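**Student:** The residues making up each chain are set out below.
Number of protein chains: 2
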Amino acid sequence: MSYKERLQTWRDRMSEELDRVMNFWIQHSHDEEYGGFFTCLSQNGDIYDDLKYIWLQGRQVWMYCHLYRKVSKFHKEEILNAAIKGGEFLLAHARPNTDSIKCAFVVTRDGQAVKVQRTIFSECFFIMAMDELWRTTKEDQYKEEARKTMDQIVYWVREDSSGLGRPELPGAAPVNAMAVPMMLLNLVDQLSEEDEEAAKKYEDLRKWSTERILQHIQRDGSAVLENVSDEGKELPGCLGRHQNPGHAMEAGWFLLRQAIAQSNHDLGRIAVEKFVLLPFLSGWDQEYGGLFSFQDVDGHCPTQLEWSMKLWWPHTEALIAFLLGYQATNDPQLLEHFQKVFDYAFSRKSDPKHGEWFGYLSREGKVALSIKGGPFKGCFHVPRCLYMCEEILSKLLAECDKT
Amino acid sequence: MSYKERLQTWRDRMSEELDRVMNFWIQHSHDEEYGGFFTCLSQNGDIYDDLKYIWLQGRQVWMYCHLYRKVSKFHKEEILNAAIKGGEFLLAHARPNTDSIKCAFVVTRDGQAVKVQRTIFSECFFIMAMDELWRTTKEDQYKEEARKTMDQIVYWVREDSSGLGRPELPGAAPVNAMAVPMMLLNLVDQLSEEDEEAAKKYEDLRKWSTERILQHIQRDGSAVLENVSDEGKELPGCLGRHQNPGHAMEAGWFLLRQAIAQSNHDLGRIAVEKFVLLPFLSGWDQEYGGLFSFQDVDGHCPTQLEWSMKLWWPHTEALIAFLLGYQATNDPQLLEHFQKVFDYAFSRKSDPKHGEWFGYLSREGKVALSIKGGPFKGCFHVPRCLYMCEEILSKLLAECDKT
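So the protein sequences, as listed, match chains A and B. Counting from 15, one number per residue, gives the positions in the first sequence under the numbering used here. Counting from 15, one number per residue, gives the positions in the second sequence under the numbering used here.
What the hints contain is simulated information worked out from the structure, not anything from laboratory work. One or more of the hints may lead you astray.
Because identical chains cannot be distinguished in the list, a pair is counted as satisfied if it fits within a single copy or across any two copies.
[Stated by the list, open to error] With a straight-line Cα cutoff of 20 Å, these simulated SDA-like cross-link-like pairs (lysine to any residue) come out: (1) K367 <-> V168; (2) K380 <-> Q300; (3) K215 <-> D203; (4) K129 <-> P184; (5) K354 <-> L295; (6) K99 <-> W222; (7) K129 <-> A186; (8) K214 <-> N95; (9) K129 <-> Q318; (10) K18 <-> M402; (11) K129 <-> R180; (12) K162 <-> N278; (13) K416 <-> S384; (14) K152 <-> Y340; (15) K354 <-> L228; (16) K18 <-> S29; (17) K380 <-> Y302; (18) K90 <-> T23.
Predicted model only: the values in this text are computed from it and were never measured.
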């Protein structure tokens, strides 16, 4: 197969798969009565629970708006209306306490708070939903909500976290967990899209987040560790040795996107070498294929029960990372790695009959959980990956035609 | 093999295995410098983390004292001293806040609090440690600590839980989670051993806990559900349909112990039929053997990633439940089920080379995590099971000799 034929084959599969994935969510997840989305969906789309997880509500609103804005075939009333109803559900119910920005982690179908986490992530996905909804509808209220919430989480992260409700404990030194600067960098990108004023406002935060991510390169550049000290040093014990290959690769493409936007060649090289290639080479299961969920940098057995399971999202992040890396560098080895992940994911996770991917395979690659959605899996990683890959592949194909 | 030979074979295996398991902990887990125990131990006993989980500290103190008191071969200075040093570690460090009974969930090696859970379980294992230490050493301080902490958790459970720090949320109706009355019933047994005054004091709590456990029999007696409403009704969604076969069987032998002590034939029958046989028959994996960790009573796929993994402790609880059930009823089917669980556990979980059991097998029965101890696995379920089974088998053998 020629280079161009390979690109075409991949692009067609991505496009076809994206249709099937989005059909799954459009057909099964809309709550017409209360707004928002059902995400606890079985293999064939049946609703097995009606709780609403705020991360997933926010992510689905974002995904719907993004596709509505960017892809003509998804520019449909049905998608816009569901997104707006999801946004309104969030505005009405995400915050259990009317005088606080703090969002719930999960609410009942009709919006009553069930659980509140003492972290910033529900709020982060709330911001993504609101900002994207503003870009889609131009309703200022959504923009204001996004900006107000962003100010609050930046304060919690950089000034004073006591508002999150976590007690300070003498044995728990401050940790730079990679999720936090990754999330913030992603939000800066989101809020700054075609908005110079926002880009300026968040310039310092962008730099800070990038630096905090780069602190996770440890052991003389030979490994990315998920948690480091506030000063960027390795932490003792399991916490310090913990690795999350999929997360590192997601950070990789976040950094790569920065590098491309800023024509920062050094940052691009670090992103590909340290955050994409290193975690892939150590995190790929040589025996059964697929990316491990967690590893211990010294080779100890991780204590997380699912460490060797093959989850959907590390594979979607790897696909984006390799393709974006190839687009930036033209390094052919990245395309070979992309092929490997593509073959694994499309042969084992795709479900042509019902749509959407299986999220949880055993180490050996068998479906361990048949659910398509649940408390942590919604309409986000798979369609984001398919959309982004289709877009990059289209650009690469357009370049082929030019030459 | 004759009936007596079967009993002898099992008893000898239990006894030999108990020696090997206890040697593992005695050899590898004692922290001579700070007191307490290392529980993050690899397959061969190497320490891969030095955090101290309070549940496991309390359980190991309890186990050491209990064996010291009850089994002559473990009546050794080394075991007593380690237990006392563990108890003193708990007294000095389990409570991060000197003016509160609330215990930490995990502390650093030298005892600084890392994390506090908003539940009662750290405190429960603290009580078990203190009470057993009092029975072993006759030092009144330990008894007072146990009684004082018990009063507090009974207050949290039955009067006002706000001291645990969990906010009340409108979507989270009060739940009767089986773990709570099970734990309390176990503590009542612990505190009342050969102590009529305590037995009297806790009589009402014993009844209340038993009733709260029995409320988990649902669906016209066809299933035990892990969570029910405060009024003992089935709850909606995954939470309501959740089943934990190992936990139900542990509740089964807690109830059976009550029934035997009170010569309550009806309670004994319910314990065996509903809490031992039902969960075993639905929870045993017909394809690969072993007990599932979690199930959904309607057959939906559970959302817990480890639902199909074969963990150590459901199997230890099943072994105790079947043997105690047989002792109480002479029903031969219970002995056949015991054989099945025994064969599975001893062939797949035991590690003759290094001692202690593998805790985490895949659905297919392969070792998925090679660790022998970790944040949730310490010196408790395996030796408690081996000790109790050896004791019951010895009694059954003594009865053989009588007839």
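**Student:** Please name the hints from earlier in the document that this structure breaks, with their numbers sorted from lowest to highest.
**Tutor:** Of the numbered hints given earlier, those the structure breaks are 1, 6, 8, 12, 13, 14, 15 and 18, listed in rising order.
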